[in-house]
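**Q** Now for the letters of each chain:
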Amino acid sequence: MVKLLDSIGLKSVNFGYIKGKKIIKNIDIDINIKDITCIIGPNGSGKTTLGKLMMGILRPDSGEIYLVGEDIAEMSLGQIGRKIGYLFQNPEKQFFSNTVEDEIKFIPEIKGLDKKYIEEKTALLLDLFQLNHIKNSFPLKLSQGEKQRLALAAILVNEPGYLILDEPTKGLDVERRKVLVQVLKKLHGEGIGMTVITHDYAFIDQISDRILKMHEGEIVEDKRNER
Amino acid sequence: MNVDPRTKLVIVLCLSTLAIFIKDVLFLNGVLLITIIISLIFKTNMLQILRKIKRLLYVLLAIAVIQSVFSAGGRTLIEVGELVILTTVGLQKGLEFVIRIMIIILSATIITTSNSREIVQGLVQWKLPYEIAFMVSIGIRFLPILIEEIKDSVIAIQLRGIEIEKIPLRERFRVYSYLFTPVFVSTIIRAQKLSMSIEMRGFRAYETRTSYTVLEMSYTDYLVIFSSLLCTSALMYLYVS
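From first to last, the protein sequence lines stand for chains A and B.
For the first sequence, position 160 (counting from the first letter as 1) is numbered 160 according to the working numbering, and the numbering increases by one without interruption.
Counting from 1 along the second sequence, just add 227 to a position and that's the residue number in the working numbering.
Read the hints as simulated data drawn from the structure, not as lab findings.
It is possible that some hints are incorrect.
[Unchecked claim] Here's a subset of chain A near chain B, in silico, CB distances under 7 Å, partners left out:
hint	residue
1	I57
2	R59
3	S76
4	L77
5	G78
6	G81
7	R82
8	Y86
9	Q94
10	F95
11	F96
12	I107
13	L140
14	N158
We treat Cβ as the ideally placed atom computed from N, Cα and C, and that holds for glycine.
Please put together the full structure from these sequences, using the hints given.
**A** Next up, the structure:
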């Protein structure tokens, strides 16, 4: 089997939450880590489950998943998390601190990074995601759009090489969505690829290189998008 | 077996009382056997429960060693130099603890064969204030959700690039302390939302309540309750004498 070094590869992957009821059916794809790949499909088609399998949160019932040539079954979640940033559909799940600013800072602090670097990086991200005015607020009390932006900022402080974003535009107004598109395009320009799980077709049109359409656990359409 | 949830509560109460009262391994084994038989009669998901209880084997080992090191007596089974690691008394006490916990867990699963609405109704008909009975049912319903949330938070923190198993113990405690915030706060927020929602649906709008479901004890229920109390008393008497 060829293990591509520039892709996330899924080989004959099957998965079900309940025995005998498959949610993901025999999926075989290679996702180029330089691309922006969008996964679309109706509710319950398996988009989020596929994202969680790619991230190692769920383990496949059968089949293999490779992250740039490495079998993710042999990697810990922490190891995967260092390489890929994951945005949960419900960003509340990934908040751990008492203020917006601390939420961005606390992982680099645990990793023991240089204090000056952490301060600069945090200021940059607060600015980029327009979070400065709420930097002392409690993350779980923010609006949905603010939570979404904070979750993204907290992921990006880790400088991941790839992103998997589950419904990143959920709760964002037109202006904030525009900003998000700019940020994601900028990151893409810096060589960070991403998989975006979304229903937002206008957003897909603006950023995607490749579109995968899912239906009942299978990829039924795979096409390139000319931007 | 189709019995009133109050009958099941009496059975659970009897079995748990026996598990706490009896301190003899042989007697406890007997009570465990009775608990398994009753659980099978009520068609509980025994395999799933046993899989979870399997983890208690480590607790057994830990308690056996701790008891052996700190309590004198019994025949020494393992020793390192002067230090006694495992004795027959330690092993016996560890075994007693695990069997006791198994009885309590297995008997508690009998009550889960009734739905939470029936349990609340049973408690209300036992003259327990509805608010308290409702609180108990919410507690039962939200426990699995809470466990799921803790698991999700552990996953989420690892996905931020933290390799928990590789960081030093002191730092690891610091990381775990971060888990407290999301779990605690989301529980409070959920409780607030729930209370708002039930108030809006007219909770305690009137002083008295009527119920669509009214439980009625059958002769079988009375017979099972009487037999349970009788057997429990007999076993306790037998054990004491």
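**Q** Quick check: which numbered hints come out false for this structure?
**A** 2
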